[in-house]
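What follows is the residue order along each chain.
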Amino acid sequence: GQSLEQPSEVTAVEGAIVQINCTYQTSGFYGLSWYQQHDGGAPTFLSYNALDGLEETGRFSSFLSRSDSYGYLLLQELQMKDSASYFCAVRDRTGRRALTFGSGTRLQVQP
Amino acid sequence: NAGVTQTPKFQVLKTGQSMTLQCAQDMNHNSMYWYRQDPGMGLRLIYYSASEGTTDKGEVPNGYNVSRLNKREFSLRLESAAPSQTSVYFCASSEEGQGGYTFGSGTRLTVV
Chain V
1 GQSLEQPSEV TAVEGAIVQI NCTYQTSGFY GLSWYQQHDG GAPTFLSYNA LDGLEETGRF
61 SSFLSRSDSY GYLLLQELQM KDSASYFCAV RDRTGRRALT FGSGTRLQVQ P
Chain P
1 NAGVTQTPKF QVLKTGQSMT LQCAQDMNHN SMYWYRQDPG MGLRLIYYSA SEGTTDKGEV
61 PNGYNVSRLN KREFSLRLES AAPSQTSVYF CASSEEGQGG YTFGSGTRLT VV
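In the order they appear, the protein sequences are chains V and P. Taking the working numbering, I'd label the letters of the first sequence as residues 1 to 111. Taking the working numbering, I'd label the letters of the second sequence as residues 1 to 112.
It is worth saying that the hints were derived from the structure and are not from the lab. Some clues are possibly wrong.
With the Cβ distance kept under 10 Å, some of the chain P side facing chain V (calculated, not the full set) [stated by the list, open to error]: (1) Pro8; (2) Met27; (3) His29; (4) Tyr33; (5) Gln37; (6) Leu43; (7) Asp56; (8) Ser94; (9) Gly99; (10) Thr102; (11) Phe103.
Cβ coordinates follow ideal geometry from the N, Cα and C atoms, glycine included.
Hey, can you work out the whole structure from these sequences and the hints?
Below, the structure is given as structure tokens:
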């Protein structure tokens with residue numbers, strides 16, 4: 001099976017940079033995804049890393065190290081609207097061909 | 001707008017009642033999924049359909065059934081609702097093997 005660990009809460013101030021870490025245990029790893037979810041809303045896709053390294057999309061970047069079974073989501077120039085929950089998710093090569101999600105990190109951005 | 005449409009958005013059931021949650025996508029995706037999300041938790045996979053005509057159990061399939069009616073539609077049925085099934089249900093779709101899912105807006109189900 002798969003398991004993912006990420007911090008439950010992170011607090012940062014507007015304009016700052018925050019990093020949300022995710023460690024995973026799985027077999028036959030395919031890739032690591034990140035999703036954002038505002039309170040009462042649906043998850044929305046942010047990024048997907050299949051290979052080691054950093055992927056940048058605007059203010060958001062995602063990093064993957066397959067040898068360390070570790071990834072992170074980096075949010076720069078934080079804005080109040082970034083206050084949300086962030087989930088990492090993995091898909092592996094065995095059995096179920098669907099994403100397994102972590103429990104989520106609640107990010108609170110303060111003025 | 002293209003995307004995933006779920007109905008209903010809210011539902012209250014009595015214990016033992018049955019209902020079907022509907023999901024349709026217009027992005028021509030092969031794969032569709034049903035997840036449930038309990039307060040303060042991540043999403044747990046109930047069932048998924050990798051392609052039209054196939055369905056497979058996820059992490060928490062007990063008490064649920066699904067039907068992949070065609071490529072667009074994937075429904076979730078609760079035959080005899082229980083309070084433990086109170087949750088928010090999300091349908092999603094994707095291209096086969098892709099990490100980017102498109103989610104519907106969710107169905108908030110309460111079983112009393």
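Which of the numbered hints above does this structure break? Hints 1, 2, 3 not satisfied by this model.
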